[in-house]
Amino acid sequence: MSDEERNYRPRMYFSGNNVDPVRTQELIKQLQREWKEQQFLEDHAHVPNEYKVLLVLISKSGSTIEPMTNFMIVKEALEVAMINYEVLVVTDPRDDEKETLLHKLAVAEGWGDSIFTVPDGIGGRFSVFSEVGLVIGALLGFDIHDYLEGAKAADIAAQEQDVWKNPALLSAVLKYIGSEQYGRHIEVFMPYADRLKSLSEWYVQLLAESLGKEKDDKSGHYGRTPIVAVGTTDMHAQTQEHQEGRYDKVVSFVDVENWHVNLTVPHMYDQYSKLEALAGLDLGFINRAALASNAESLASDGRFNGTYQVPTMNAFHLGELMFTMCWAIYFEGQLAGVDAFNQPGVEVYKKLLGPKLLKA
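Numbering (the numbering used here) for the sequence shown: 1 to 360.
If you're looking for bench data, these hints aren't it; they were derived computationally from the structure. Careful, some of the hints might be misleading.
Claimed, not checked - Straight-line alpha carbon distances no greater than 27 Å define the calculated DSSO-like cross-link-like pairs of lysine-lysine that follow:
(1) 350 - 75
(2) 165 - 152
(3) 350 - 218
(4) 36 - 52
(5) 98 - 351
(6) 29 - 75
(7) 104 - 215
(8) 36 - 98
(9) 75 - 213
(10) 351 - 104
(11) 197 - 218
None of the values given here were measured: they were computed from a predicted structure.
From just these sequences and the hints, can you work out the full model?
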């Protein structure tokens with residue numbers, strides 16, 4: 001996006017979700033390229049090179065491998081290239097009454113004035129409503145006030161005792177019954193909007209890490225497998241499986257009612273009846289018609305599906321939807337007898353990974 005399209009907000013690149021050396025090297029090259037472009041303008045057009053990188057380091061403990069390794073590699077590359085940078089930290093201030101590694105590092109390095117903290121007891125998948133998500137949103141110019149107001153509206157709705165007035169509870173009950181009584185152990189999360197694909201990816205972690213575990217009473221295990229899909233794209237990739245595969249899935253659609261963008265198919269090829277039939281139709285209308293047809297088709301064969309209706313995709317309704325999903329996962333955990341807020345299973349691989357890294 002151009003500076004104007006971003007309202008002169010900073011460009012933002014994400015790293016630290018993976019230990020992919022190619023992706024990290026590409027990021028370093030991109031930052032070096034941007035700095036050189038600014039340096040060229042200073043040398044030839046006498047425009048001061050004010051290029052600066054803000055490294056936003058997010059880790060509750062400071063010992064998570066992915067963000068910390070990427071941070072150290074990128075920081076070193078910036079120093080070697082003599083590119084100006086600052087560091088902003090989001091971390092837990094303490095862990096079991098002891099200062100966390102990242103908090104200690106931030107103070108030692110002089111970043112103490114740029115530390116945001118994660119409230120106690122907030123797991124990573126739920127932390128999008130804390131400083132972890134809000135700092136990034138603020139840097140992008142995202143309306144974090146409206147986002148939190150939407151979450152507040154969802155929180156109020158989640159207190160309703162009447163299940164029909166409580167979308168989060170209704171969602172949890174239906175999916176729990178679908179899984180336990182009908183064997184629908186897979187959930188396909190399918191928003192009909194490209195820009196919501198990352199929402200699907202977040203939901204994968206929210207569902208999988210919250211519910212896939214041994215029951216608290218040791219009577220068995222619970223869990224449902226989340227799958228990312230995007231309409232209408234994946235109607236040409238996954239819908240065949242949804243429609244005629246095993247009866248083991250729930251498909252959750254997200255329908256955006258008002259796009260606030262009007263793009264109409266022009267009358268361009270009236271000699272071709274199939275193309276002329278599309279002329280005059282709004283893309284948003286076609287999108288919603290495709291979703292409705294998919295849902296109706298699945299229901300006609302007893303394929304479980306439901307739809308989240310979103311009036312429009314703005315900060316308020318995004319916060320409302322995401323917090324509703326958080327509550328739904330909590331309610332489902334209560335029904336299933338699992339703790340939705342822990343993730344003991346990930347400790348197994350961590351114990352195996354440590355010794356392997358020491359052997360390198």
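Taking the hints in turn, this is what the structure says about them:
1. Simply put, residue 350 and residue 75 have alpha-carbon atoms about 25 Å apart, close enough for the 27 Å limit, and the pair holds.
2. Taking the CA atoms of residue 165 and residue 152, the gap is near 16 Å; set against the 27 Å cutoff, the hint holds.
3. Pair hint residue 350 plus residue 218 holds up; C-alpha atoms about 23 Å apart against a cutoff of 27 Å.
4. The suggested pairing of residue 36 with residue 52 holds, with an alpha-carbon distance near 12 Å, which does not exceed 27 Å.
5. For the given pair, residue 98 sits about 22 Å from residue 351 by alpha-carbon distance, which is consistent with the 27 Å threshold.
6. For the proposed pair residue 29 and residue 75, the alpha carbon gap of about 13 Å is at most 27 Å, so the pair holds.
7. Only pairs whose Cα atoms come within 27 Å are accepted, and residue 104 paired with residue 215 is rejected, the gap being roughly 37 Å.
8. Distance hint between residue 36 and residue 98 is unfulfilled; the C-alpha atoms sit about 43 Å from each other, more than 27 Å.
9. For the suggested pair residue 75 and residue 213, the alpha carbons sit about 38 Å apart, so the restraint of at most 27 Å is broken.
10. For the hint pairing residue 351 with residue 104, the CA-to-CA distance comes to about 24 Å; that is within 27 Å, so the pair holds.
11. For the suggested pair residue 197 and residue 218, the alpha carbons sit about 35 Å apart, so the restraint of at most 27 Å is broken.
Hint check: violations occur at hints 7, 8, 9 and 11; the rest are consistent with the structure.
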